[in-house]
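S.K.: Reconstruct the complex from the two isolated chains, following the hints.
Chains A and B are the protein sequences, given in the same order.
Here the first sequence is numbered in the working numbering, starting from 1 and rising by one per residue.
Here the second sequence is numbered in the working numbering, starting from 1 and rising by one per residue.
Bear in mind the hints are in silico, worked out from the structure with no lab data behind them.
Be a bit skeptical, because a hint or two may be false.
As the list claims (entries may be wrong) - Keeping only pairs whose Cα atoms sit at most 16 Å apart, straight-line, the calculated EDC-like set for lysine to aspartate or glutamate is:
1) A:Lys76 - A:Asp8
2) A:Lys189 - B:Glu281
3) A:Lys382 - A:Glu51
4) A:Lys189 - B:Glu278
5) A:Lys472 - A:Glu278
6) B:Lys251 - B:Glu281
7) B:Lys288 - B:Glu320
8) A:Lys189 - B:Glu250
9) B:Lys22 - B:Glu47
10) A:Lys358 - A:Asp374
11) B:Lys251 - B:Glu201
12) A:Lys189 - B:Glu47
13) B:Lys251 - B:Glu278
14) A:Lys189 - B:Asp202
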Amino acid sequence: MATGTIIDVVMPQMGVSVSEGTIVKWLKSEGETIEADEALLEISTDKVDTEVPSPGTGVVAKILVHEGETVDVGTKLAEIAPEGAGPAVAEPEPAVEPEPAVEPELAPEPATAAAAAEADAPSSAESPGPAAPAAPAVPAETPAPAAAGDSSENGKSFVSPVVARIAAEHGVDVGTIQGTGQGGRVTKKDILAFIESGPAPAPAAPPEAAPTEAEPVAPAAPTEPSAQPTAPPVIANAQPQAAGTGETLEPMNAMRRGIAEHMRRSLDTAAHVTSAIEVDMSKVVAIREKLKASYQKDYGVNPTYLAFVGRAAVDTLHDYPWINGELRDDQIVTRNYVNLGIAVELADGKGLIVPVIKNAEGLNLLGLARSITDIAARARDKKLLPDDVQGGTFTITNPGGYGTFHGTPVISQPQAGILGTYALVKRPWVVQDALGNDVLAIRPIMNITLTYDHRLVDGALAGRFLHDVREKLQSWGEDRY
Amino acid sequence: MAERTYLQAISDGLRQEMRRDKRVFVIGEDVGVYGGAFKVTLGFQEEFGAWRVIDAPLSETAIVGGCTGAALMGMRPVAEMQFADFVSCAWDHLVTVAAKQFYRAGTPVPMVVRLPSGGGFSGGPFHSQNPESSFAHIPGLKCVCPATPEDAKGLLATAIEDPNPVLYFEHKHLYRRLKAEVPEERYTIPFGEARTHRVGEDISVITWGAMVHTADEAAEELAKEDVSVEVVDLRTVMPWDRKAVLASVEKTSKVLVLHEDTRTGGFGAEIAATIAEEAFESLDAPVKRIAAPDSPVPFSPPLEKAFIPQVETVASGLRELAAY
Chain A
1 MATGTIIDVV
11 MPQMGVSVSE
21 GTIVKWLKSE
31 GETIEADEAL
41 LEISTDKVDT
51 EVPSPGTGVV
61 AKILVHEGET
71 VDVGTKLAEI
81 APEGAGPAVA
91 EPEPAVEPEP
101 AVEPELAPEP
111 ATAAAAAEAD
121 APSSAESPGP
131 AAPAAPAVPA
141 ETPAPAAAGD
151 SSENGKSFVS
161 PVVARIAAEH
171 GVDVGTIQGT
181 GQGGRVTKKD
191 ILAFIESGPA
201 PAPAAPPEAA
211 PTEAEPVAPA
221 APTEPSAQPT
231 APPVIANAQP
241 QAAGTGETLE
251 PMNAMRRGIA
261 EHMRRSLDTA
271 AHVTSAIEVD
281 MSKVVAIREK
291 LKASYQKDYG
301 VNPTYLAFVG
311 RAAVDTLHDY
321 PWINGELRDD
331 QIVTRNYVNL
341 GIAVELADGK
351 GLIVPVIKNA
361 EGLNLLGLAR
371 SITDIAARAR
381 DKKLLPDDVQ
391 GGTFTITNPG
401 GYGTFHGTPV
411 ISQPQAGILG
421 TYALVKRPWV
431 VQDALGNDVL
441 AIRPIMNITL
451 TYDHRLVDGA
461 LAGRFLHDVR
471 EKLQSWGEDR
481 Y
Chain B
1 MAERTYLQAI
11 SDGLRQEMRR
21 DKRVFVIGED
31 VGVYGGAFKV
41 TLGFQEEFGA
51 WRVIDAPLSE
61 TAIVGGCTGA
71 ALMGMRPVAE
81 MQFADFVSCA
91 WDHLVTVAAK
101 QFYRAGTPVP
111 MVVRLPSGGG
121 FSGGPFHSQN
131 PESSFAHIPG
141 LKCVCPATPE
151 DAKGLLATAI
161 EDPNPVLYFE
171 HKHLYRRLKA
181 EVPEERYTIP
191 FGEARTHRVG
201 EDISVITWGA
211 MVHTADEAAE
221 ELAKEDVSVE
231 VVDLRTVMPW
241 DRKAVLASVE
251 KTSKVLVLHE
261 DTRTGGFGAE
271 IAATIAEEAF
281 ESLDAPVKRI
291 AAPDSPVPFS
301 PPLEKAFIPQ
311 VETVASGLRE
321 LAAY
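Only chain B is shown next, with the shape it has when bound in the complex (with noise of 0.2 Å):
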């Protein structure tokens, strides 16, 4: 075990399903040459050469229509959004062809696409959003969020290895704060298996991402009031982990869903909805719901704080829930 980061895990992870599998290759913008916008595929270049490690025009369409026709010639490629935000280009690909080819041709697509997403750090609208609720809305996709480096690196390697699309978005608020020992041999994690990140007694937060630390820290709050709360990271968003988050309700009965996505539509109001419907008997409270309102990330700083949800936010919206 070596103490990694969690950009340090994904970039050791990648590497080493690079190195174990020829039929592994990245593209994307920068993840050559220069090593990638966040450095991720630093070195990489000189170690598989420039036709493993593509620098593609700035293109997303481009990066994931090629990624699609290599996943359906037996490659599999792994492609990198600069930033997750730009993924909206490469939309129709992944969702119209991607998403739909085996269901319609008996072909799989073993492609996994990389998004940095999240905010934090005053990347303004076009650099810090969280599309998973998007993409877990298509059949045929699958959408991983990692929270810690030990989940990084296991969940991509069960990513690149899942021959489906897989979309794998790694917070950019985690990449150099989270730092854990993660095992240097190769393992996988499965998907649609969640983590309890923190066992309690009275009330479940279900999130993922970075939100899980926020939650976390939130919880380390309520438990200096005698609240004990449970974090459970459902690490994929889809396939989600129905059961893992059923259960803990079933032993808290009031639950809090996280995230850092706006509220309308997000991930959140599913897992709310489906507790509503397989857990009623079991709640004693109201699923509370806390997400960034409906609009765009702000740039200023003072403006993202309020958008992103803060420990104090979860922590008070905690207490309600205590109180109730």
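Looking at chain A on its own, in the form it has when it is part of the complex (with noise of 0.2 Å):
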């Protein structure tokens, strides 16, 4: 590899409609050595955070671009000095230090670390998730490289370039202070008032001291729209970004922020209905029973429930091409595949993404249980590509692994509809015997749900969609493996 030459790091490329990747973290700083192939940093772009590889083994000879920057695709990172290629290294790099504008934001580089932290907490292949509803593809919307760019709390993320300057200049964290510009963001005058108000000895100020005098501070509404008519305790003089007695305030970060974006906007947008039924789960059971060892010696592989019931989804899709299509302006797309999404709950329940099975339609029972074992670890390692996260036409979300028996989750857009899988429990169930009487079981029952997008799908197929799943699941045959 190394050929005497230094080798440019670029940003990478990470996926067709990528264009930017903003700097979570270097793992490793100038002068230290690398191999090729080893994770040098950490990027985060519009659809996924992941790590860059050396692309050579050698030294790190310059490190281009600062934590925090938001550069193109393409964009030189860092430079790799080949081992021996020697002493020169370090030095000659006054010229080519970072545009100056980016200064500032060397400082809040925590928060950018810990919102990259947020991510990678563990969601066991087995159940991608307690999860909630349908993910936005997306941690991302990366905040935006200015000064203090993190700040996003209030309202949209963006910070205007005057008020990052002048946030840079007296070090205030843009995100403490009430926005009264459009969609809550902080104005000039916001900051200027914030920073006129003076840090404000906090313990100082009396409980009742000045209790509506106060607040000029932030023009309008500094506390929260609730703000109680009478004279609220505390608040008076403290920060004006103002928590509450007993509140914390904690930022958002930007897979939240998608998150919520993406929530909103498709609740908005579709028309949800929640159709359930209830499955009876004897035969899926013993059949998993009777996998589950040689699955797991011959292929390293379990095989979940939710293995089972993406396998009876997909092929019941086959039947109902709208509940795998997409209300696309005034027209009514329909697919010959599916690519089935799984919410994947991430960090204690905090955060989740949705990795895309591609054609699902052509995976038997072992290949979707691999699936989603691979797209499970890979979310919870940070090593989705953007592609993993795009293009799904379904969607199923498990949120019954803590026991939860019904939800009704949010469509994942432009998608039409959800399967929710829920807890697997044992309830006292009417069977004929085989003289045909009516006598109580104990069967393993499960709940499902279809919410679907009404403006596409109408309540009687929905329920027949979800009668099919029922069908396949409670007749579950071994040679349909």
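M.R.: Structural data, given as structure tokens:
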């Protein structure tokens, strides 16, 4: 690899629609040695967070783009000098220092790192999650690169150039300021008023000090809209960002914002209706017991209930193209394939992502189980590629891991439906004995929901779909592996 | 001081220059016997004679070409285009010859071309244009766009004094609508120095010509809504006062660039780009432009009203910026 010439590290193209990326963290610093393919830095694009491997073996000669900066795909990020190419490496850099405007955000970087850390909590491949409903396939919306760019707590995350500059000059975290601009944006006036109001010695202010007078600090609604009409205690002079008594403020990370935006948009777009059906999983349980050991031994794969339900759903979708479809303007889009999104929980129930199994219709039970294991693991390890979270046509979410028996997930736009699977519970169940008489039996029952966009899918269609899924699961034969 | 209309101020200024400098002469279509289409030179031929107030044939090419030659020979010609729109015929003489003469040969061309410009009276596509940006783009030409009677007089004196070809855009809509105190004695107003027409704190409007007054009226409306708008009148588009514009933007952090000319490639684009380059860190909102749409000027009064930026359009643009 090392040919003696300097190797450039550039911002990689992380998928067709991605044009830029943000440096989250340098894993090596200048002067450190690095192996080819060893992780050099972490980046965040508007699709995924990922690591960038070193293109060669050598010494990190120069880091050209600082953490927190967002640059175009193809931008040179660093230089790797092959070992032995030696000492010249370190010095001649002054000219190449990063652009001046970036200095200030060296400081706020911890927040970015925190955002990144957020994404790596585990989620077992077994049950992708009690996670919330359909996810926006996206952690992203990279914070603005400008100084203090990651302060995005109220309303829009956009920090205008002048606000960024003033924040940097005064060492102010924009996120702590109540914005009065469009979408809650912090305007120049807001930040100037904030600075003018001074840091305010918090302890000095007695609770009842200047109940209303103290608020002119941040113009217009400094506290929450709910502001109690009675003169409130404490918030008086402290910080204008005003956490109420007993409250703690915490910045929203990029993924949280992405989820928030997507959930809201989905509910504003689709006419959500949920239908539920109870499925007797006796046969599935029996077959799974039988397969489990051999799948584990032969393939290292766990045949989860999710894989069974997924297999049945994908199979059924073939007969219900609209449920696997999409409304695109005034056209109904249907497909001859199923790209199956699986909602995966991240970080202790905080955050989720929906990686997509492409062409799931071509996978048997083993293939689907293996794919689920794979994407869940890569989601957990932040190894998903942008294309792994795009192009879903239908989604399954599995919030039953913690025992919930019903839910109403939110559709992942622009899809038409999302299937929810819930806790498998033993219930007294009325069945018929050999003589045709009703008797009570103990059966493992799972509730399955279909939340569908009523603009495209009517209740009867949804009911038939659920019915067919149930039939497939209840009559699962060993030949259908 | 006497109260003079915008048109009278131009007329006074021109007369004053002709009285004090024998090299100054006027040439144009109907400027002599008839006193000019808009009567700027009414009575001039009686006072200065037919040799200094020349009725030209219907050829802008000949008028500007003749002026260029006269200027080269040491005269101070002031040409009148009956309507600014007709200057296209003289493009070659202005752009190829006059603008480049000093650069090529070191011989100055002290010439003024007066261009009655602008719409607002249903003049249609041939009698309403504001072609200043086309000429501002040509190195070697200067472009003046007075907005008040006082500026009209002072800038005309400067234009005539200037050793370069100067295009003097006088806005027809202001001719008789605008009246103000104008000093009777001679005075000059330097090129490239903007005038703060109205002082404000929250938003800057950068504009010139008749739009100064549109902006001012809109600012008046916004004042009622507690938004303080600053109106900067460039006075000369080339050279233009970057310093004043940037200073205003630094103060307010929000800026609207307004002109009556069409949008694409209009001089406002140059201003907006300069602000983005040089005052980026002062901006609290995107630079906004309001201009006429990219179309010929319509005849129909309601269409023309829709075409030329109106007080309401400007006011709502300002509101958007205020809310941003």
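S.K.: Work down the list of hints and note, for each, if the structure agrees.
M.R.: Results of checking the hints against the structure:
| no. | hint | result |
| --- | --- | --- |
| 1 | A:Lys76 - A:Asp8 | 6 Å, holds |
| 2 | A:Lys189 - B:Glu281 | 15 Å, holds |
| 3 | A:Lys382 - A:Glu51 | 8 Å, holds |
| 4 | A:Lys189 - B:Glu278 | 21 Å, violated |
| 5 | A:Lys472 - A:Glu278 | 13 Å, holds |
| 6 | B:Lys251 - B:Glu281 | 12 Å, holds |
| 7 | B:Lys288 - B:Glu320 | 10 Å, holds |
| 8 | A:Lys189 - B:Glu250 | 13 Å, holds |
| 9 | B:Lys22 - B:Glu47 | 13 Å, holds |
| 10 | A:Lys358 - A:Asp374 | 13 Å, holds |
| 11 | B:Lys251 - B:Glu201 | 7 Å, holds |
| 12 | A:Lys189 - B:Glu47 | 59 Å, violated |
| 13 | B:Lys251 - B:Glu278 | 14 Å, holds |
| 14 | A:Lys189 - B:Asp202 | 9 Å, holds |
The structure does not agree with the numbered hints 4 and 12 stated previously, though it agrees with the rest.
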